[in-house]
Amino acid sequence: DAGVIQSPRHEVTEMGQEVTLRCKPISGHNSLFWYRQTMMRGLELLIYFNNNVPIDDSGMPEDRFSAKMPNASFSTLKIQPSEPRDSAVYFCASSSGLDGGELFFGEGSRLTVL
Amino acid sequence: AQSVSQHNHHVILSEAASLELGCNYSYGGTVNLFWYVQYPGQHLQLLLKYFSGDPLVKGIKGFEAEFIKSKFSFNLRKPSVQWSDTAEYFCAVNARNTDKLIFGTGTRLQVFP
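Those sequence lines, one after another, are chains A and B. Numbered per my numbering, the first sequence spans residues 1 to 114. Numbered per my numbering, the second sequence spans residues 115 to 227.
Keep in mind that the hints were calculated from the coordinates and are not lab data. Where hints are given, some of them may not hold.
Computed beta-carbon distance windows for the label pairs [unchecked claim]: (1) B:167 <-> A:18: 47 to 53 Å; (2) A:44 <-> B:142: 18 to 24 Å; (3) A:54 <-> B:165: 22 to 28 Å; (4) A:18 <-> B:129: 46 to 52 Å; (5) A:20 <-> B:197: 38 to 44 Å.
Each computed DSS-like pair below joins lysine-lysine, with the alpha-carbon atoms no more than 25 Å apart [to be verified]: (6) B:214 <-> A:78; (7) A:24 <-> B:214; (8) B:172 <-> B:214; (9) B:163 <-> B:185; (10) A:24 <-> A:68; (11) A:68 <-> B:214.
Just so you know, even glycine gets a beta-carbon here, dropped at the ideal spot from N, CA and C.
Start from the sequences, fold in the hints, and give me the full structure.
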């Protein structure tokens with residue numbers, strides 16, 4: 001399997017622009033997670049899905065952030081409008097739920113908002 | 115709510131030194147415990163995990179961790195570090211009845227030759 005695939009790997013945008021990050025989980029995994037990593041806060045769980053349904057979105061910072069999982073093989077994290085404080089590395093991870101919750105991470109999307 | 119504390123934010127060692135990174139969690143129920151490693155510029159990879167059984171868990175690259183239930187701890191150890199162990203290390207926990215994995219803030223390890 002190719003692992004968790006994220007795109008884009010790097011994104012530089014200007015404040016106010018819409019940003020869409022994409023994730024393809026490992027085939028057969030039924031849980032998908034979005035994390036944000038910053039120097040100040042470390043790894044924060046933003047939202048996670050189980051069987052395409054959002055289970056916990058308590059980590060989503062504010063209404064500017066939204067996430068969708070229209071099918072088992074695709075998820076998006078959207079920021080609209082973006083702000084400089086959104087600059088971070090966004091990781092997507094998936095799990096099968098069979099290994100006690102072991103997560104498999106993608107390479108991350110590094111977002112810079114100017 | 116679950117939380118994970120990693121007390122060492124930055125550790126600097128010489129090669130061949132022994133390593134111990136602290137991890138404490140707060141949750142009253144049964145948990146699964148993990149250590150992940152993030153090499154510079156890369157994504158997180160699993161080092162080792164504990165679900166049940168022997169509280170001393172061995173992982174990849176000579177790492178091990180010991181679960182001490184009474185102390186709510188899951189410290190990571192390696193008897194002799196190498197320069198290639200330079201990375202950031204994350205402890206994580208989830209409750210047995212949930213997929214939600216909570217990470218500590220990470221410990222940055224630098225190993226000098």
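To see whether the hints hold, each was checked on the structure:
1. B:167 <-> A:18: 47 to 53 Å: holds, 48 Å
2. A:44 <-> B:142: 18 to 24 Å: holds, 23 Å
3. A:54 <-> B:165: 22 to 28 Å: Roughly 26 Å apart at Cβ, these two residues keep to the hinted range, so it holds.
4. A:18 <-> B:129: 46 to 52 Å: About 47 Å separates the Cβ atoms of residue 18 of chain A and residue 129 of chain B, which means 46 to 52 Å holds.
5. A:20 <-> B:197: 38 to 44 Å: holds, 39 Å
6. B:214 <-> A:78: holds, 21 Å
7. A:24 <-> B:214: Holds, because 19 Å separates the two Cα atoms, which is no more than 25 Å.
8. B:172 <-> B:214: holds, 24 Å
9. B:163 <-> B:185: Holds. Residue 163 of chain B to residue 185 of chain B sits at ~18 Å (cutoff 25 Å).
10. A:24 <-> A:68: holds, 12 Å
11. A:68 <-> B:214: holds, 18 Å
When each numbered hint is compared with the structure, no violation occurs for any of them.
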